[in-house]
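K.L.:
Could you build all of it, start to finish, from the sequences and the hints given here?
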Amino acid sequence: MANPKKILNDPKKVVGEMLDGLVLANDGRLRKLDRHAAIVRTDLPDSKVALLIGGGSGHEPIFHGFVGRNMGDGAACGQVFAAPSPDIIYEAAKAVHRGRGILFLYGNYAGDNMNFDMAAEMLEDDGIDVRTVRVTDDVAAAPPERTHDRRGIAGDLYMIKIAGGASSQLNTLDEVERVARKAVANVRSIGVAVAAGSIPETGKLTFELAEDEIEIGMGAHGEAGVSRQKIAPADTVADLLMDKILGDLPFRRGDEVALMINNLGATTMMEMLIVNRRIRQILDREGIKVHRTDVGTWLTVQEMAGFSVTLLKLDDELKRYLDMPAESLGYSRM
Amino acid sequence: MAEKLDVSGARDMLVAVSQAMIDQTDTLTDADLAIGDGDHGIGMRRGFEAALEALNAGQPESVEAAFKATGTAILSNTGGAAGAVFGTLFRSGAKGFSGGTVDGESFAAFLEEGLVAVLKRGGVTEGQKTMVDALAPASRAARAASGDGLQAACAAAASAALAGVEASKGMIATTGKARSLGERSIGHADPGAISIILKAMQDFTA
Numbered sequence: 001m002a003n004p005k006k007i008l009n010d011p012k013k014v015v016g017e018m019l020d021g022l023v024l025a026n027d028g029r030l031r032k033l034d035r036h037a038a039i040v041r042t043d044l045p046d047s048k049v050a051l052l053i054g055g056g057s058g059h060e061p062i063f064h065g066f067v068g069r070n071m072g073d074g075a076a077c078g079q080v081f082a083a084p085s086p087d088i089i090y091e092a093a094k095a096v097h098r099g100r101g102i103l104f105l106y107g108n109y110a111g112d113n114m115n116f117d118m119a120a121e122m123l124e125d126d127g128i129d130v131r132t133v134r135v136t137d138d139v140a141a142a143p144p145e146r147t148h149d150r151r152g153i154a155g156d157l158y159m160i161k162i163a164g165g166a167s168s169q170l171n172t173l174d175e176v177e178r179v180a181r182k183a184v185a186n187v188r189s190i191g192v193a194v195a196a197g198s199i200p201e202t203g204k205l206t207f208e209l210a211e212d213e214i215e216i217g218m219g220a221h222g223e224a225g226v227s228r229q230k231i232a233p234a235d236t237v238a239d240l241l242m243d244k245i246l247g248d249l250p251f252r253r254g255d256e257v258a259l260m261i262n263n264l265g266a267t268t269m270m271e272m273l274i275v276n277r278r279i280r281q282i283l284d285r286e287g288i289k290v291h292r293t294d295v296g297t298w299l300t301v302q303e304m305a306g307f308s309v310t311l312l313k314l315d316d317e318l319k320r321y322l323d324m325p326a327e328s329l330g331y332s333r334m
Numbered sequence: 001m002a003e004k005l006d007v008s009g010a011r012d013m014l015v016a017v018s019q020a021m022i023d024q025t026d027t028l029t030d031a032d033l034a035i036g037d038g039d040h041g042i043g044m045r046r047g048f049e050a051a052l053e054a055l056n057a058g059q060p061e062s063v064e065a066a067f068k069a070t071g072t073a074i075l076s077n078t079g080g081a082a083g084a085v086f087g088t089l090f091r092s093g094a095k096g097f098s099g100g101t102v103d104g105e106s107f108a109a110f111l112e113e114g115l116v117a118v119l120k121r122g123g124v125t126e127g128q129k130t131m132v133d134a135l136a137p138a139s140r141a142a143r144a145a146s147g148d149g150l151q152a153a154c155a156a157a158a159s160a161a162l163a164g165v166e167a168s169k170g171m172i173a174t175t176g177k178a179r180s181l182g183e184r185s186i187g188h189a190d191p192g193a194i195s196i197i198l199k200a201m202q203d204f205t206a
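So the sequence lines, in the order shown, correspond to chains A and B.
So in our numbering the end of the first sequence lands on 334, straight run, no missing numbers.
So in our numbering the end of the second sequence lands on 206, straight run, no missing numbers.
Treat each hint with caution, since some may be false.
[What the hints assert, rightly or not] Computed footprint of chain B on chain A; a stretch qualifies when at least three of its residues, placed anywhere within it, have a C-beta under 8 Å from a C-beta of chain B: (1) 69 to 81; (2) 219 to 230; (3) 317 to 331.
[What the hints assert, rightly or not] Label-pair restraints from in silico Cβ distances: (4) B:147 / A:213: 53 to 61 Å; (5) A:317 / B:58: 54 to 62 Å; (6) A:29 / B:58: 36 to 44 Å.
Rather than coming from a laboratory, the hints here were simulated on the basis of the structure.
Even for Gly, the Cβ is constructed at its ideal location relative to N, Cα and C.
P.N.:
This is the structure we're talking about:
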């Protein structure tokens, strides 16, 4: 199969060139560190608990596209699909620190965990208080008793939104960490893959799926999901995904949730809205109330086709931070 | 045949190791595509190109400094799990060369120190289908052969690493991006970067 077309300059320089473009697209509200692939806000308030997010590039707009007011204060950016190195994370952390400690918030992957942990140890040596919350929303990655083995996928957006809101309102790292942990404990997602994306530098697809196949639960890097099957109607796929999510937390009659449908790259809004229609039928039937809906493109895998569904169970506190206004290239809300 | 390397010899050996890794970019990419996401080759190339640059910048102060500089370049430029793991191997393993030379004993100590640090950083044990399944037997083989000199220790380690990579085919991945494959990961080997490193060291000392 021919390599997918991409309009690039030097494929080895995609991350640096992209970050330059990202800074410019934020019209002065962000800057890039001189010698490291990290983005920080230029308008960070003093004495704020800092929220540092980050991960591999190639999944835009996450993570660096979510730096802004009431979102992440900075992002450490790795190469395509690879965690950032400890020195990038360390420098980004120093740049966002305002004297009240730093919350690291990122998806749960071995590479991210090791690199962020090394940076946290370096910061602790400097006397800076760092806490780590890893997002583990992908129910397809491991059974409920092993949530620590689950990956972070599109649920990252709600976690950043809530932690960003909380870190702008709460004065202590303890409190911000508590809210972020509560949010992670209540979020569940699952994806479906329709076609693979490719890595710019190799041009190779990250996995193979036959023309008439889809994979339920596939991860954001082509990690194997729960089942590979023939392509099916939108309602059938929605039923399968919701079945996995609803029973996992579990979500119960009377619960109030935020619902997100995330485009993995090449799926049409039309398809996602058709899926949304079915999901609402299911939630109505189950007696679960939707507080808000987000349908859009937040965690992509290059030109991968497919989408994910996220449910976040809300209480008054999570609702308050989730509903705060936010401003970033990847997600804004008035 | 080299039985003892001073700082200049150690630097040349690390240059050879870096070059070997850069030459194997496509092999690593293909192995990673089978059970991971296919960025391993280009990541390792970034790291070892940076290592080459650091090694070519001037004569390091000591053997330990040369290995540490190599590890730091890998850690800062590779990214991902591979950057953390292989950067840690060289940076922590460097302590094994505190005596100032590379010989059978210090080479075995390098692998032992590196292994301990990698196990701690990765939170893994043997049998999870990671580079540890090549590094751990290599470290034991190097120690067993260390009395026979550097060349013998390198050869023993390289061959044990290769056998370890081969044995990883039969293992189920329980960590990293391949974890979700479960039993589907059987039949594929860990990409084997540790084996490339040790083979290059063996060739250099032969």
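K.L.:
List in ascending order the numbers of the hints, as given earlier, that are violated by the structure.
P.N.:
When the structure is compared with the hints, only number 3 turns out to be violated.
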